[in-house]
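**Student:** Assemble chain B onto chain A, guided by the hints.
What follows is the residue order along each chain.
Number of protein chains: 2
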Amino acid sequence: MDLSSFITSLTTSFLIFIVLVLLFVWLSRKPANRVVYYPNLILRGVDPEGRGSRNPLTWAFEAIRSTEHDVINVSGVDTAVYFVFLSTVLGILALAGIVLLPVLLPVSSTDNSKKTANSTNSNGTFNDLDKLSMGNVAEKSSRLWAYLLATYWVSLVTYYLLWRAYKHVSALRENALMSPEIRPEQFAVLVRDVPRPTDGQTMKEQVDSYFRAIYPETFYRSLIATDNKEVNKIWEELEGYRKKLVRAETIYDESKKTGNPDGTRPTHKTGFLGLVGKKVDSIEFYHEKIVELTPKLEAEQKVTLKEKQQPAALVFFTNRVAAAAASQSLHAPLVDTWTVMCAPEPRQLTWTNLPIKFFERQVRQYVICIIVTLTIFFYMIPIGFISAFTTLQNLKKLLPFLKPMIDQPEIRTVLEAYLPQIALIVFLALLPKLLLYLSKLEGIPSQSHIERAASGKYFYFTVLNVFIGVTVGGTLFGTFKEIENDPNSIVALLATSLPGNATFFLTFVALQFFVGYGLELSRIVPLIIFHLKKKYFCKTEAEARDAWFPGDLGYATRVPGDMLIITIVLCYSVIAPLIIPFGVIYFGLGWLILRNQALKVYVPAYESYGRMWPHMHARILASLILYQVTMLGYFSVKKFVYAPVLIPGVILSFLFGYVCSNKFYRFFSSASVEVASPVLKEPPQLELIFKAYVPPSLSLEKSEDEFEDALSQVSRSVSLA
Amino acid sequence: MDLSSFITSLTTSFLIFIVLVLLFVWLSRKPANRVVYYPNLILRGVDPEGRGSRNPLTWAFEAIRSTEHDVINVSGVDTAVYFVFLSTVLGILALAGIVLLPVLLPVSSTDNSKKTANSTNSNGTFNDLDKLSMGNVAEKSSRLWAYLLATYWVSLVTYYLLWRAYKHVSALRENALMSPEIRPEQFAVLVRDVPRPTDGQTMKEQVDSYFRAIYPETFYRSLIATDNKEVNKIWEELEGYRKKLVRAETIYDESKKTGNPDGTRPTHKTGFLGLVGKKVDSIEFYHEKIVELTPKLEAEQKVTLKEKQQPAALVFFTNRVAAAAASQSLHAPLVDTWTVMCAPEPRQLTWTNLPIKFFERQVRQYVICIIVTLTIFFYMIPIGFISAFTTLQNLKKLLPFLKPMIDQPEIRTVLEAYLPQIALIVFLALLPKLLLYLSKLEGIPSQSHIERAASGKYFYFTVLNVFIGVTVGGTLFGTFKEIENDPNSIVALLATSLPGNATFFLTFVALQFFVGYGLELSRIVPLIIFHLKKKYFCKTEAEARDAWFPGDLGYATRVPGDMLIITIVLCYSVIAPLIIPFGVIYFGLGWLILRNQALKVYVPAYESYGRMWPHMHARILASLILYQVTMLGYFSVKKFVYAPVLIPGVILSFLFGYVCSNKFYRFFSSASVEVASPVLKEPPQLELIFKAYVPPSLSLEKSEDEFEDALSQVSRSVSLA
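If you're matching them up, the sequences are chains A and B in order. For the first sequence, full-length UniProt numbering begins at 1 and goes up steadily by one. For the second sequence, full-length UniProt numbering begins at 1 and goes up steadily by one.
It should be emphasised that the hints constitute simulated quantities derived from the structure, not laboratory data. Keep in mind that a hint or two might mislead.
Repeated chains share a single entry, so a pair holds when one copy, or any two copies, can fit it.
Result set (DSS-like, lysine-lysine): computed pairs, CA atoms no more than 30 Å apart in a straight line [what the hints assert, rightly or not]: (1) K256 - K440; (2) K30 - K257; (3) K167 - K357; (4) K131 - K639; (5) K663 - K308.
Next up, chain A with everything else stripped away, as it sits in the complex (with noise of 0.2 Å):
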C-alpha cells in the first residue's frame, strides 16, 4: 500500500465518521427517537426534553464534564472502571508520544545510511511512511541506543500508570462496597456441593441445620437451589399468554378508535404459526390458557420445591460481616464438600451451572482450555484463507463481474484499504457467542464471571490470529520447517514481519475509530430496527419499552477489541511512533462517545464491583510482555549487540505483575471484612435480600403466604430481624 492510498483511506473514514456524526446530531433531535439516543436518561425517568436545540457538540461538553461520581451514579462501578483502563491506557499512549514522536522520527527520517546501502532489501514497499520508521534505520546503528531508550520508557509509563489505576480501581471498589446501602449479595454466601442428606432430611433441611449449627447467631434462611427445568417451561408460556392477552386486549382497544365503534376482536388461528387451525377469539383463547395454566404452575412449584432440591443453596446471613467471613472459610475438612463462595448479584446468578460438582467443574475447566485452545488454532487457517482470497487480484479473477467497478481508480483504492479489514471485522464479530456459551459450561455460576472468563478467551484469540496471524501470515507456512526446528525463530520471524504489515494496522486501527465509533455514536442499526419493530409489531408499551431497551455495553467484546487496538499500538511504538496519535485517537474518542454512551443509552445488565479489571491488568501487562519480546527480537534482527538490555525489561514487568496480583488480586476475588463492617443506613429488611434471589418462576403473587410455608419449612422457626 503507498501513501497515497493510505490517504485515501483515512480522509473516507474520517468522512464517514463526520457523516455518522451529523446524522447523530440530526436524528436525536426528534422526538421520535429520543427512546434511542436517551433510554438510561428515561429509565431513570430523567426527561431528556430539550436536548435537540442545543449545538451539536453538547454531547461531548457533557461527557467531558461529566464525573467519575456520575459513571458511578447512572452506570455503577464496572461502566466507571471500564473509563479508568481507558484513561489509563490512553494515559501511557499519550505519555509515549509525547517523548517518541519528537525524539525518534527525527532519528528515524534523518537516517539515510540504509536507502543508499540496501535499497533492495525493503521489498519495493518503500515510501514516505516507512521512512519515518525504525525500518529506516541501518543495522548495528549507535542510533538504535534511541529506540532502546524508548522501549524502557514505554515500559516504565505503562508500569506506573497501571499501578496509579490499580489503586484507584481498587478504592472504588472498597468505597462501593462499604457504602451503607443494602446489597442482597452482601448478606448471602453460596453454597455448593452440599453432600446427601443421610438421615431422611431434605437437602433444605440439611443446609438449615448445618448452617445453624455453626452460625447460631447470623445464619438467617436459606435458599435452596431447585431444578427449575419443568417450572420455568410453564412459567414462560403463561408469561408468553398474558403477553400476548395484553397485546390482543390493546389493539382490540385501538380499533374501536378507528372505525367501528364496538371494535373488532382480534382473531387468531391455535395451528402452526398461526397459519392453520382453529380460528379463535384471540382474548377469550389467551384468557382462557392462563386460567387453565395458572393451577399448572402453582402446583409444579410445590413439587419443583420440595422434591427438585439440588445440592446447591444461597445461605443468607444476618450480617455483612459474617457473611464476608463465611464466604471466604473453609467449611466442611475435605474441600470438595460444602463448598462456599461469595454469592453473585440476584440478576447474574447462573442458577443452572449450580448444581455441578467440585471435581466435574475442574475436568469442564481444563476440557474447555483445550476445546479453546483448538478453537484457536483452527481459526487460523480460514483467517489466512480470507487474508489471500481478499486481495484484489484474487477478487477479480474469483468474481470477474466485480471487474469494472474495481477498476475505476477512486473504489479501487478504497477497497484496497478497506477490503481485508472489513473481511477481518466480520469474521471476528462471530467468535463471542461461541466463547460465551464454552465459557458458561465451565459450571461458572454468575454471569459476570462468564463474561470475563469468555473476553479472556478472546483477547489470547486476537492476539495469536489476528495480531500475529496477520503480521507473520504469509511468511509463515514457508518457514514453518524453520519453526519447527528451531521454536525461537518465532520472535525473529515475527520481528522481521513487523515493518512490512505498519500501515495494514494503522489503517486498521483508523477504521475501527472512525467507523466503528461512529456507528456507534449513531446508533443507526439500533434506530432502524427499533422504526422498523415500532411500526410492524410493537402493540404495547411493554412491547415498545423491549424494542428500544438499549442493554449494556458488552463488555465480552469490547474489552478484548480495546485490547487488541493496545496491543498493535505498544508493539509498532517503537517501530513506527506514527501510529502512536492513531492509538490517541481511538482510546481519545472512544473514551468521549462512550462516555455519551454510559452516561445517556446503556443500562447495565450486572454490577461486578470492579472484577473486571484484575482481568484487564493482567491482558494490558501481557501486551507488554509480547511488546518488549517483538522489540527484543526486533533488534536481534538489526543485529544490535546491546539487544539484551531489554531482557531486565521482560523480567520486571512480570515482577510487577506479581507484586500487582499479591498487593491487591485478592480483594477483587473476594470480600474484605474490614469493608463489610460499616454500620448500615437502616436495618437490612432480610426478607426483601432473600426474596431478590428468588428466581421469578417460582415467586407468587397470589399465595404469598402459600410460597413461604413450601419454602421455608424449617425456617419459620428463627425470628425475622
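**Tutor:** Coordinates of chain B only, in the frame set by chain A:
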C-alpha cells in the same frame, strides 16, 4: 563388592544390633537409668517400677499392642501421623514385595542369555546378587514386560495406600481439632503487617479499635508483639542467677551433711569463667544480683509494653468459629496490610519473626530458595571428594600407618563395607542446623512450620546429593559435556548407573536400620551424657531433669532420612527386588522401636495436628515420580520399545497429587469452621487463653495487677466472658 563382603557387612550389622538390644534390655532394668529409658512415663507421673523384671521382649509386645489412640494421648497427633507414615510406607513395600519377589526373581535368574552374550559388559562386578536383578535380563527381551507391569503395580499400590492414609490423617486432624477441650490457638488469630497508626494511637490501641469495629460481639482482646530483645536479656540473666542461687544453696546444704556441721559456704570468683577476679560468697552474691535485677526487669517490661510495640499482634476471640473464620478472611482491601492467619500454638510461636513485612517475607523466601539451591549444588563437590578419598586404596596411600591394620582381611572387609557410608552419614549430620536456621530466616511464624520447611529442603538435598549424587557420581564428571548438550541424557545416565550401585544401597539401608535403630533403642549416647552430667555437674533437681529431658522425635531430620530410604527402595524395587525386604525391615523395625520411644521416651515439643502429612505425602509422591522416570530411562537403556507405556503412569501420579491436594490440602493449611463449631466442654477461660501467649519474660508473678494494667489499656472496658 562381592557377595562375601556383602554377607559379612550384613552379619556385622546384625551382631551390632543384637548387642545394642541386649545392652538396652540390661541397662533399662537398672533403676538409676530409668530417667533415660522412661522419661515420658515419669513426666506423665506414671511409675516405671517393675519394668525391669519382665522378659527381654516386653517392650516390643507393648509397642505392638499399643493403639493409635494411646499414641495420640501420650504423644499427640503429630506422632500418630508419623506412625501412619511409617505404616503406609511399610504397606506399600510389603504389598510390592509380595508380588515382585516371587515373580521377578525367577524371571531374572533364569535368563541366561546375557551372561553368554555380553559378559564383558558387566564390568567385572557381575556376581550372584546381580543375577537376581533386572540387569541380568537381556536387552529387548520380552521378559521386560514383567518388569513394566511390576512398575505399574508398585505405582497403583502407592496411590491406593496414600489415598487411604490421607483420608485417615484428615480424620485424625478433624477429631483432634473438634475435641471439646480448650486449645488457646483455636481462639486466637495472628495479625501481621499492621499499618503505622496515624492519629496518635499506639499500635495496640489501633489493633483493638480495628478488630472491635469489625467483630463487636466476638472480639475479646489483643496481645501486641513487642521488641523483647532487651527484656529477654535481663530476664535470662535473672533466671540464670536464680538457678545459680539454688545450686549454691544445694551445695551449702550438702556440705553441712558431710563433714562440717556448719557447712562450707560456696564461693566463686567474679571474673572470667570464675577463674580470676574477686572471690565472693556465692549465695550472697546471687541474692544481691537478683534483688538488683528484679526492679530493672519490671521497668524494662513497662517500657517494652508501652514503647516497643511492633506491627504484629495476636487477637483473641470469644469463640472458636469466629477465630477460624477470621483467620481465613481478607481483612483490609490491600493484601499487604492487616494480614490475618491462624495463630500457632503458644509454645511454637517465633516472636522475632512476627514484625517482618509482607513483601520482605516473600523476598526472603526467594533469596533463601536461591541460597539452598546453591548449597545443594556446592555440597555435591565435597561429597564427590569424600567418596573418592574413602576408598581403601586411597586411604592406604594417604595414611600409610593404617596399612598393617587394613591388610588384615576381616578388618578390610568391614571397612570396605562401611567406610563410604559412615563418611556419608557423618557428613549429612552437619546440614540440618543450617537448614533450620535458613528456614527460620524466611520469616515463618511457627516452629513446626520452620521444621517442615527445613525438612523439605533436607529431602531435596538428600535425594539430589546422596541418591543421584552417589549413583551418577563418578560417571558424571566424565560425561558432563554430554549432559550439557542433551539434558535428557541425565535420566539415561542415572538409569545406567543404577544397577552397579544396588549393593551399595543395600548396605546403606541395612546399616541405617540395624545400627541406626539399635542406637536409637539403646540410647547409649544420651545415657552416657546423662551419667557424666549427673556425676560432675548436676546439683539441683532442675539440673538433673535438664540432663535427662529427652526432647522430641526430631521430625526435621528423621522424616527426610526415611524419605531417602523410600526413594532408594522404590527406585530399586523393580531393578533389584532384593532391596524390598530390606526396606520392609527398615520401616517395620522403625515402627516397632519408635513406637517404644514415642510411648516411653520422647516428649513432643509442639503439636501441629498432622500438618506434616501433606509434606510427607507430596514427597512420597515425588519419590514415586522419580522412580517412574528412572524406570522409563532404564527401559530405554534396555532398548525396550514399549518403554513409553510407562508415560501414562507419570501423568497419573501428577494427576493423583493434584486431586489429593485439591481435596485435602486446604484443611491442613487453615481451620475448618465446621470443625470449630462443636460446643466446648466448659465455657472457655479467656484470660487463661490470653496468658498462655504472654512470653515468660513479660509475665510477672508479683505485680500481676500492674502488668494487667500495662497490657490491657483499652481492652479493660470489655466484659470478660
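**Student:** For each hint, tell me whether it holds in the structure or not.
**Tutor:** Evaluated hints:
1. For the homomeric pair K256 and K440, neither the shortest alpha-carbon distance inside one copy (49 Å) nor that between copies (89 Å) is at most 30 Å.
2. For the homomeric pair K30 and K257, the shortest alpha-carbon distance inside one copy (27 Å) is at most 30 Å, but the shortest distance between copies (118 Å) is not.
3. For the identical chains of this complex, K167 and K357 are inter-copy neighbours only, at 20 Å across copies versus 36 Å inside a copy, given an alpha-carbon limit of 30 Å.
4. In this assembly of identical chains, the alpha carbons of K131 and K639 lie at most 30 Å apart only when taken from the same copy (19 Å versus 60 Å across copies).
5. With identical chains, the CA atoms of K663 and K308 are at most 30 Å apart between copies only, with a shortest distance of 27 Å across copies and 43 Å within one.
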